[in-house]
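Novice: Start from the sequences, fold in the hints, and give me the full structure.
Take 1 as the starting number for the sequence shown in our numbering and just add one per residue.
Some hints could be false.
Pairs of lysine-lysine residues, derived as PhoX-like cross-links and limited to a Cα-Cα distance of at most 20 Å, are as follows [stated by the list, open to error]: (1) LYS71 x LYS17; (2) LYS71 x LYS54; (3) LYS17 x LYS107; (4) LYS107 x LYS71; (5) LYS17 x LYS31.
Hints were generated in silico from the structure; no laboratory data involved.
Only a predicted model underlies this, so the values are computations on that prediction, with no experimental measurement involved.
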Amino acid sequence: MGYMNWREIISVHVMWKQRLSAYLAGTSEEKPDPEVIRLDHLCPLGQWIDGEGKPMQNLPAYEEVRELHAKFHQNAAEVVMLHQSDCTAEAETLLNGPQSRLSENLKHRILGLSHQVNAGTSGVFQS
Numbered sequence: 001m002g003y004m005n006w007r008e009i010i011s012v013h014v015m016w017k018q019r020l021s022a023y024l025a026g027t028s029e030e031k032p033d034p035e036v037i038r039l040d041h042l043c044p045l046g047q048w049i050d051g052e053g054k055p056m057q058n059l060p061a062y063e064e065v066r067e068l069h070a071k072f073h074q075n076a077a078e079v080v081m082l083h084q085s086d087c088t089a090e091a092e093t094l095l096n097g098p099q100s101r102l103s104e105n106l107k108h109r110i111l112g113l114s115h116q117v118n119a120g121t122s123g124v125f126q127s
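Specialist: Below is the structure:
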């Protein structure tokens, strides 16, 4: 199994709030595409969930992370779409409310999953 840098994965997702805040404020050089953001399998965590992580799908945290991660990307895409539709106030409400709570929840669930995966790779889940 390849090495997963869980801290980096967490920080990348936490950084989304700053990236989206800058985008809404007009201080970002990024031109995000909501259709691409929505695709939760493009980032390293999504690739792990669909690939190397599949054998871990019996872990309780796996399904929680998979669902939260998909919703995280849907919400991020929605923030961008709202802003592009001149609904910046609604975009900010989503970003600073539900998306912020979801991000925090996802962070803790990823940490929990990382502990379970690391325990699994050291023989606990091997028969």
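Novice: Now tell me, hint by hint, if it's right for this structure.
Specialist: Outcome of the hint check:
no., hint, result
1, LYS71 x LYS17, "14 Å, holds"
2, LYS71 x LYS54, "19 Å, holds"
3, LYS17 x LYS107, "13 Å, holds"
4, LYS107 x LYS71, "13 Å, holds"
5, LYS17 x LYS31, "15 Å, holds"
Comparing the model with each earlier hint shows no violations; every hint is respected.
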